[in-house]
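Q: Sequence:
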Amino acid sequence: MEFLASMGGTASWLLGYVIPFLFVLTIVVFFHELGHFWVARRAGVRVVAFSVGFGPEIAGFYDRHGTRWKLSVIPLGGYVKFLGDDNAASTPDRETLAGMSETDRRESFFHKPVAARAAIVAAGPIANFILAIVIFAGLFMTVGRQVTVPQVDTVQAGSAAERAGFQPNDLILSIDGAKIETFGDMQRIVSASADQPLAVEIERGGQRLTLTATPDRREVTDSFGNVHRLGVLGIARSTGSGEVKTERFGPVAAVGMASKEVWFIVDRTFSYLGGVVTGRESADQLGGPIRIAQVSGQVATFGVAALLQLAAVLSVSIGLLNLFPVPLLDGGHLLFYAIEALRGRPLSERAQEVGFRIGLALVLMLMIFATWNDILTISKS
Numbered sequence: 099m100e101f102l103a104s105m106g107g108t109a110s111w112l113l114g115y116v117i118p119f120l121f122v123l124t125i126v127v128f129f130h131e132l133g134h135f136w137v138a139r140r141a142g143v144r145v146v147a148f149s150v151g152f153g154p155e156i157a158g159f160y161d162r163h164g165t166r167w168k169l170s171v172i173p174l175g176g177y178v179k180f181l182g183d184d185n186a187a188s189t190p191d192r193e194t195l196a197g198m199s200e201t202d203r204r205e206s207f208f209h210k211p212v213a214a215r216a217a218i219v220a221a222g223p224i225a226n227f228i229l230a231i232v233i234f235a236g237l238f239m240t241v242g243r244q245v246t247v248p249q250v251d252t253v254q255a256g257s258a259a260e261r262a263g264f265q266p267n268d269l270i271l272s273i274d275g276a277k278i279e280t281f282g283d284m285q286r287i288v289s290a291s292a293d294q295p296l297a298v299e300i301e302r303g304g305q306r307l308t309l310t311a312t313p314d315r316r317e318v319t320d321s322f323g324n325v326h327r328l329g330v331l332g333i334a335r336s337t338g339s340g341e342v343k344t345e346r347f348g349p350v351a352a353v354g355m356a357s358k359e360v361w362f363i364v365d366r367t368f369s370y371l372g373g374v375v376t377g378r379e380s381a382d383q384l385g386g387p388i389r390i391a392q393v394s395g396q397v398a399t400f401g402v403a404a405l406l407q408l409a410a411v412l413s414v415s416i417g418l419l420n421l422f423p424v425p426l427l428d429g430g431h432l433l434f435y436a437i438e439a440l441r442g443r444p445l446s447e448r449a450q451e452v453g454f455r456i457g458l459a460l461v462l463m464l465m466i467f468a469t470w471n472d473i474l475t476i477s478k479s
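All residue numbers for the sequence shown refer to this note's numbering, where the first residue is 99 and numbers rise by one.
Treat the hints as calculated values from the structure; they're not laboratory data.
Mixed in with the good hints, there may be bad ones.
Stated by the list, open to error - Dumping the calculated EDC-like pairs for lysine to aspartate or glutamate here, alpha-carbon to alpha-carbon at most 20 Å:
hint	residue 1	residue 2
1	K277	E345
2	K277	E301
3	K358	D274
4	K179	E205
5	K343	D251
6	K277	E299
7	K168	E155
8	K179	D161
9	K179	E451
10	K343	E279
11	K277	D202
12	K358	E345
13	K358	D251
14	K358	D283
15	K179	E155
16	K179	D202
17	K343	D293
The task is simple: from the sequences and hints, build the whole structure.
A: Structure, rendered in structure tokens:
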């Protein structure tokens, strides 16, 4: 009986966390690497391997161009290996490059013009942004979004809203110049703006007024027991019958809405990171693979649409992270290519090697820090 119970617990863990995590991460990683692969093929670069995951291969096959497509055992990323690469991080194999035939040189990544190499590298993060727009647009067209008029029903006593002078029936028009169309639009901006003054334009009795409100920072516990530190104004909107409507969009409008959604994530990510640097935000909100697995399992309980939405958010985050100018990441490669374009020649082998080592150290420290945050979060729950 204990064995059966253990098996049941393992199956529940796999279904609840591992499978949703792999579903989300595999989609994001596959399209990131597909961006590199697609542009490389069109630039005439020979692709040696396309891997989802790192480490030993689980399964794979060769396509008609000789590329090995494979699934590897560690599902925490992926890579595309070009002719002339020494490893999955696309560092050059100097010995192989020196001994290449003229035919191989024409298909080698490192012998391509700097513009072609930059385009291949940038294609991965760009593919992540495109994937997010496609997912968000598809959801806006099919599932739609819930719309509630951004009107104040109640103002909490002693709240930031009361101090700012909000009154029942105020209609919120914009915040810091950003147009507010739904109550949800207002909530998203406010939640990411704790302790920051906001210029809120409202309509009251047919007149337009501008109030200055500074959301209070509060710890909010969601339905899964996760604690989030958010900005709160202290106003509420009725969600009774007829107050909440579902709005669906056509293809063009959906793409526009999806692009705004992607930009919102990018903007708020930079705002949060800036807050961490200046001390306004705590770095303990940064999460790693364990947190992603936990959130994936929780979101999966709401259905496939919610899981796809998480994949879109994660795709933007990974695309953005890869553009940071850190050697080893795509942004680091782009930095080297920009220097090469300005100098008319690449950096020395020694300089590049030192850069990659520094980049590796930074990436490892970030992973360790994020994983430590994950462990602390789980231990508190």
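Q: Hint numbers the structure violates, sorted upward?
A: 11, 13 and 17
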